[in-house]
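S.K.: We have chain A; now place chain B onto it with these hints.
So you can see what is in the structure, the chains are spelled out below.
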Amino acid sequence: MRTTRNERGQGGETAVTRAVEKRKIVIALGLALGALFLALFARGTGPQAAQAASHREAPLISLDPTADITDFFMFRDYAPGEQDKVVLIMDVIPGEEPSSGPNYWNFDPNVLYRFSVDNNGDGKADDVELEFRFKTEPIRGIARQFTLPFSYVGGAGGLPPVTALDGPGSEGLGLRQRYSVTLVHGRHRTQVANGLIAVPSNAGPRTMPDYASLAAQGTYDLGNGIKVFAGQREDPFYIDLGGVFDTLNLRRVPPIETPAEDANDTVSPFGTDMLSGFNVHSIAIELPASMLNGDTGATTIGAYASTSRPHVEVDGDGHGGFRQVQRLANPLVNEAIIGTVDKDRWNALEPEQESRFEDYYLNPRLALALELVFGVPAAKTNRTDLRDLLLKYQPSDRRLSELLRLNLLVPPTPFADQKRMTVLADTPDPAGWPNGRRPKDDVTDIAIRVVGGPNYVAARASDGVNTDDAALSGSFPFLATPFDGRNRHHDNP
Amino acid sequence: MTKQTRLVLAGTAAALVAAVSLLGGALRGSGGSADAVPVKASVAGESFSAGFSGGDTATFIRRLVAQLRAHPGDPKSYTLLGLAYQQRARETGNPAYYTKSEQALDRSRKLAPTDSTTAGALGSLALARHRFREALVFGRESVRLAPYTARNYGVVGDALIELGRYPEAFRTFDHMSSLRPDLSSYSRVSYARELLGRPDAAKQAMTLALDAAGGQPEPTAWVETQLGKLAWSRGRIGEAESHYRTALSVFPGYVYALEPLALVQEAQGRHRTALTLARRAAEALPLPQTVATLGDLYARRGRLAAAQQQYALVDVIRRLLAANGVRTDLEIAQFDADHGVRLGRALAAARKARRARPSIDGDDVLAWALERNGRCAKALPYSRRALRLDTHDALKYFHRGMIERCLGHESRSWFVKAVQLNPHFSLLWSPLARRYAS
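Protein sequence lines, in the order shown, are assigned to chains A and B.
Numbering follows this note's numbering, with no gaps: position 232 of the first sequence is 232.
Numbering follows this note's numbering, with no gaps: position 255 of the second sequence is 255.
Just chain A, same shape as in the assembly (with noise of 0.2 angstroms):
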């Protein structure tokens, strides 16, 4: 009897507590989701003229692709006989349609594009910084002479295709920009290069019959052991982006991978790439392991990817410095972990005054989104563990810093025998993010793992996706060739 009436108050109890989870299901998943909704709809959503109004109407959400980088990769190069480099790569311009023409896209003039490399340990990155400037040319070539309405012609007609990136070859390359390099060390700049030509976007197999030999033209060789690429290349991102912003639907109930599943790199389960067939603009640089930590000996560093556009006031003329716009350091944090309303000042501080986010860290939403979806118990609270790995050397650190931290004494994993569960792989892999960040690492099911805690990491939490939808390379600049505007369907789920 006894035990009926505890029975049925607690289900009493269990009626309302199921309202009040319901409720606050509806409003954990507005809060965690809602941010990454809006972005969305801010990216697709361009801003319009006054219409009804003979008042300025100002664009109702901006956009600002060239400045929004999506990922920012550094590891060790893993290409036999380059293992004592690091490679930084920072993809900008989120969801590059191939067949975007016959506008492609571009570098931003405006925007100052940055590496910033911490080496004393501090947390901040101001120790060694690599900063990308692009220049646009007048349009030139056959374009030009014919004052023809594409960024890149040839091919046909009598015309040349572009086989090359300057002299013969080149004349199809309408729109072309130019680069330079320029590393900061403290006080001293030096521009280590300058008239690069970033690789242009791939139009398609009659403009560009070898797209892959032209970009190869892009990887210049700046002798001392350092090698730059800019240029257009295929997003190496994988996930099943639709799943998850459908309130976490994904395609598996559980959605969790079988170990044989799991520790297979090349198929994916039961997701959908949902950016597959999209190129991103990356810039990627190599350089001596001891170029970024030579006058520390430093065996860690720490490091993270920055765009900033110039500042202007009402009063002024010309612009007053740069302002940071966005920064990148480990995967998923401003998408993830970030609240909506910080985000502008989150992106515009540095790295090292990451302790006014602290809470973010310590109580994910994202954890209590997972916990509230898949009924599962999640690391929601205190989470100092988070907070360590992602903010902190070592434990015993009083700064928090979001920075990519690589230690230079783990040996690069060679390219056939990675795995994308990194250091969660049946057999570790520990030179994956979060030791750095390598392109083929699988963040999302990492981050879903770890975030998520222990049950999830037991229980192989996964998006469906473990494989990327283009192969990646070996060795510089390790992107793969972008998908040509061409023969670039959009046909699959």
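These are calculated hints, taken from the structure and not from any lab test.
Where is the CB? At the ideal position from N, CA and C, for every residue including glycine.
It is possible that part of the hints are untrue.
To be verified - Here are the computed lysine-lysine pairs in the DSS-like style, where the Cα-Cα straight-line distance is at most 30 angstroms:
#1 A:Lys-135 to B:Lys-378
#2 A:Lys-135 to A:Lys-227
#3 A:Lys-135 to B:Lys-229
#4 B:Lys-352 to B:Lys-378
As the list claims (entries may be wrong) - Residues from chain A that keep clear of chain B, each with C-beta distances beyond 12 angstroms, as calculated:
#5 Ser-151
#6 Gly-158
#7 Pro-209
#8 Ser-213
#9 His-311
#10 Val-341
M.R.: For chain B alone, kept in the frame of chain A given last:
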């Protein structure tokens, strides 16, 4: 809804639906049918590209509606739905979307009263409806809730501009730009500089906005159009034309460039092209401005019946706007005063407009309505106020000239200023200004 507004809505529904479907094709480029019914979206919008990157607002709305069906208590989705409806209103010109936006945002407010995005969205809705005091309240609220989100300062600054509180507005834009320099803040700084009579500096900031648009069709078209208008406002007709044409080449059929391009063509003596373009603009986006321009072009050719038809349509559209909460007093006053009809109504509307909107535009329209009613001594102080920022605006110079002339003062210099700045500043008044200037 009153019986009368219902009748108005019914009466114009057919024309609007036709116009809306035309526009849908134009604004979204290829693929997908546009529809006045927002939940009925195109199949093409299913892919990630079309759904998000492609800017298919109708698909986005459909997704949100489905989401809300599953989670009817989700305030965030209501907020996004409210924003998406505002975007739809911008794309289609159909003000019924403002009402839908309001409903969605009200639901969101009830569920989550302290959400900064909702407050900001209510602010942008109020801006679109020309309810600037409301916009300021909501904008300030959103800033209080999220003091580090640049977007919210845009709402505050825009409202302050229209309320004539310029120093505060400019400070707000400066702060916004320091939080996040991007297309939104650059274009606002540019506008402020334009108001201050610094067209070169305005152009410089708008050029930064152009680069920040990154070549995306719609934002690029918008910024190119603004650059065109900047050039046009100082009589650089060829430069304006090339900006409008660039806008149309990156975004074929972009209506907001079609209408000013019609003005360029008219100025260059290509009257037939001008009429074709203006007709296309008015058909695609039947707003008071596009329809009035078409009417004025007819009137210049002596096709008065055709002009009258367009003018009548202006009135219908305006009632439709009013039925959906958009304030149109300033536009009514401007239109009526310009066309010499219902001058009494024009003055009443101008007074009301200026009370709600004590900006230089509010001052100018009241000055002009007073002048048209022969009350030139009363008009003069308002005209002075309208020029207090030293804005280089040929129409305001012309209005000032007319007032001075009416008062028997020296006035030629004002007409000269207007004509030198932009000899084609107005379809209706440029010829007169040129005569008085000579």
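S.K.: Going back to the hint list, which numbers does this structure go against?
M.R.: As far as the earlier hints go, 1, 5, 9 and 10 are violated by this structure, in ascending order.
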